[in-house]
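Letter by letter, the chains look like this.
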Amino acid sequence: MNDSRPTVYLDHAATTPMVPEAIAVMTEELARTGNASSLHGSGRAARRTVEEARELIAEKLGARPSEVVFCSGGTEANNLAIKGLYWSRLAQDPACNRIVFSAVEHHALLDPVTWLAIHEGARIDTTPVGREGRIVVDALREAVESDPASVAAVTTMWANNELGTVQPVADVVAIAREHGIPVHSDAVQAAGYLPLDFGASGLDAMTVTAHKLGGPVGIGALVIGRELQPTPLLHGGGQERDLRSGTIGVPLIAAFAKALEVTVDRQAEMSARIEALRARMVDGIRRVVPDAIVNGDPEPGPQHRLPNIAHVTFPGCEGDAMLMLLDAQGIECSTGSACDAGVPQPSHVLLAMGYDDVAARGSLRFSLGHTSTEADVDALIAALSGVHERALSAAQVRSTFDGTVRSAS
Amino acid sequence: MIYLDEAATTPLKRDVLAAMGPYLGPEFGNPSSHHEVGEAALRALDQARADVAARLGARTGEITFTSGGTESDNAAVKGIALAQPGGRHVVISAIEHPAVLESAAFLGRTGFEVTTLGVDHDGLVSPDDLAAALRDDTTLVSIQLANNEVGTVQPVAELAALAGARGIPFHTDAVQAAGWLDLGVSRLGVQALSISGHKIGAPKGVGVLYVQRRTPIEPLIHGGGQESGRRSGTENVAGAVGLAAALQMASGPADEVIARRDAFIARVESEVPGAVLTGHRTHRLPGSASFVFPGTSGESILLDLERRGIVSSSGSACAAGSDEPSHVLTALGYDREVAQTAVRFTFGRSTTEADLAQAADALVAIAGNVSSATTLNGR
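Taken in sequence, the protein lines are chains A and B.
Heads up: the first sequence at position 392 corresponds to 421 in the numbering used here, and the numbers run straight through without jumps.
Heads up: the second sequence at position 62 corresponds to 81 in the numbering used here, and the numbers run straight through without jumps.
One thing to keep in mind: the hints can contain errors.
Computed Cβ-Cβ distance ranges for the label pairs, DEER-style [claimed, not checked]: (1) I153(A) <-> V295(B): 56 to 64 angstroms; (2) P224(A) <-> P45(B): 27 to 35 angstroms; (3) A74(A) <-> P313(B): 50 to 58 angstroms.
If we take Cβ atoms under 7 angstroms as the criterion, some of the chain A residues that face chain B in the derived model are [unchecked claim]: (4) D40; (5) T104; (6) E105; (7) A137; (8) D356.
What the hints contain is simulated information worked out from the structure, not anything from laboratory work.
The beta-carbon is built from N, C-alpha and C at its ideal position, and this holds for glycine as well.
Chain A on its own, in the form it takes in the complex:
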């Protein structure tokens, strides 16, 4: 990277920088010693800090403090929710072995659900999605109602990490509620940008993680109703309602609470600002590359899509090539989820939406965040024309070459 040029970071959905207030809290807490389970003074002080953080997080998410179970992040929270609910429901009723989830879930749900199917014999119903990436509610209803007693849990993400499409969580809750089936939602991407009210949502469990909303990596929470007792993933000292053992990291927890507080308090204003930046970005992209296709729900608003993500297909281009060309100019984005990164496979999300392999590979995700500026957006637009041209000709050369090889063999 050329150090004289500032980096333009457009990958906030992968991870977003910590807000300064959270860095300050974390640095202060790191300088203190105390195990929140110890009975002496420093232990009691640590416990107080943790409980205050829990109350703050609960308040900002519309939950009760006792419903906030801290864990190491979104992936662990999703694993705890889905495996834990599956095992605990199965223990009560051996016929309760079905999981209803959606085709566009993050790998942190897709993989544990697949593991449950292969390793534990779970039956999986995958709800299809439409062209905008939104689940087909009638298909989910049908899957549940075909045999409600066998459904251990339903899980549908709040907002998708690649497209930003918001899912009809209220409809899902209404369907599952009728049959007393617990519903979980992965709200990792939504928490920073949309108002969340766990109590009002009717959800039984919800995942959030700090590092997507200005807090540190290594801390998240499963918000889960008191009456639910998922089988723990981590056994031991019995911390966190006995649902998640392990010493609680006070600095991580305090910084998480501060980041959530700051983010939620500024959310309305910040989301409006980011939505305007996104509009500027999308307009610019279309101006420079007229045949670019912006995927997902075009409509803004908390029922439609996240304000910060623009997922764009550049017909005839390889997403990976564009990513590298942009990176060489100090502009950082991604082809999709950072969590698939390194695996050159088309996104399962796009394939589920009906895109073919080629289109799925020719897309980029630009995601904005609290540090994004108009200058960032303008830098992208300024670089895009040249990058797009080079990516297009590289792809043409490659397809010609592939054709030559093929005809020669």
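Since the structure of chain A is provided, determine the placement of chain B on it from the hints.
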């Protein structure tokens, strides 16, 4: 205040915080991202992994970063047991940390048989007992390197050799031992080993699991496939960098600490009537001195000590607040009442002779008050 509860958690070392600093701020990238900010984070993570691997004499691919000691123990015990198709039997010791005990109990509820080996009065597991417990369908042995409550160090190399001779994987919880004892995995002969950051001067929320590359293990947390698929979830780069730095710093001979420890133990034994050292006298962690004070209340000694500026504990912080006597002390043969009089002093390389002298003074003074009060009450 003199902090003598380092077995519960250690203060974060200033140099460790300095090493972590960039990764809390400008170097915030996700190591899985394919751009410069992400790749910078990946380089830091790789370096941390290489540093930890070097300390363990392991390959970098054998080091997995986790969220802490509890996760490492759970991942090792459950993961190795579940990955062995023919296995149905797990062997642990009676004085393991709850993270191992409860993981084994979980396996017990899912169809495994669990053999819990007793220990002698010093807390040592007998190699003969282990040899007798091993079976053809034994899937895993998990015995800690050093105990968190009484400081006893197990003869892990000898125990692991017994399991190794039969091809049975051996896991050791080295959470308390890290920073004090040799963690060379081939010298120990173990196939899996757990470390926690916050017990060695790094922050909470990060740990290490070493798993020998030929030992199959089923992941506990599935998802994006980070950590070579062994542990999914966005990597805590700042934590990993901090853990690696702390492990580097906690090295060198501990002879001086051992001398300070033994002087402290000798003084308590000679000047506090009825004080009994728990755990092994020589096979013990350099930074651990643990006692029972039969006929007193452990709880009130702790409170008196804290009033005098000495922070210590009765045993595991994870069991604090419970009325149950320590499972470790009862396994060592102490009866319930005596076990409830336990006080543990755990310290680090920077704890001075004067700190320990002050702690001994406080104990002697408290004992004087206790015995005069007892005399006054005519008991």
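Here's how the hints hold up against the structure:
A beta carbon spacing of about 58 angstroms between I153(A) and V295(B) agrees with the range 56 to 64 angstroms that was offered as a hint. Between P224(A) and P45(B) the C-beta distance comes to about 30 angstroms, which sits within the given range of 27 to 35 angstroms. Range check, A74(A) to P313(B): about 32 angstroms between beta-carbon atoms, so the 50 to 58 angstroms window is missed. Interface restraint check: D40(A) against chain B, minimum CB-CB distance 6 angstroms, threshold 7 angstroms, status holds.
Taking 7 angstroms as the C-beta contact cut-off toward chain B, the hint placing T104(A) at the interface holds, the least distance being around 3 angstroms. A least Cβ separation of about 5 angstroms between E105(A) and chain B falls short of the 7 angstroms threshold, and the interface hint therefore holds. At its closest, the beta carbon of A137(A) sits 4 angstroms from a beta carbon of chain B; the interface hint therefore holds under the 7 angstroms criterion. Hint on D356(A) holds. Least Cβ distance to chain B is approximately 4 angstroms, under the 7 angstroms limit.
The structure shown violates just one earlier hint, number 3.
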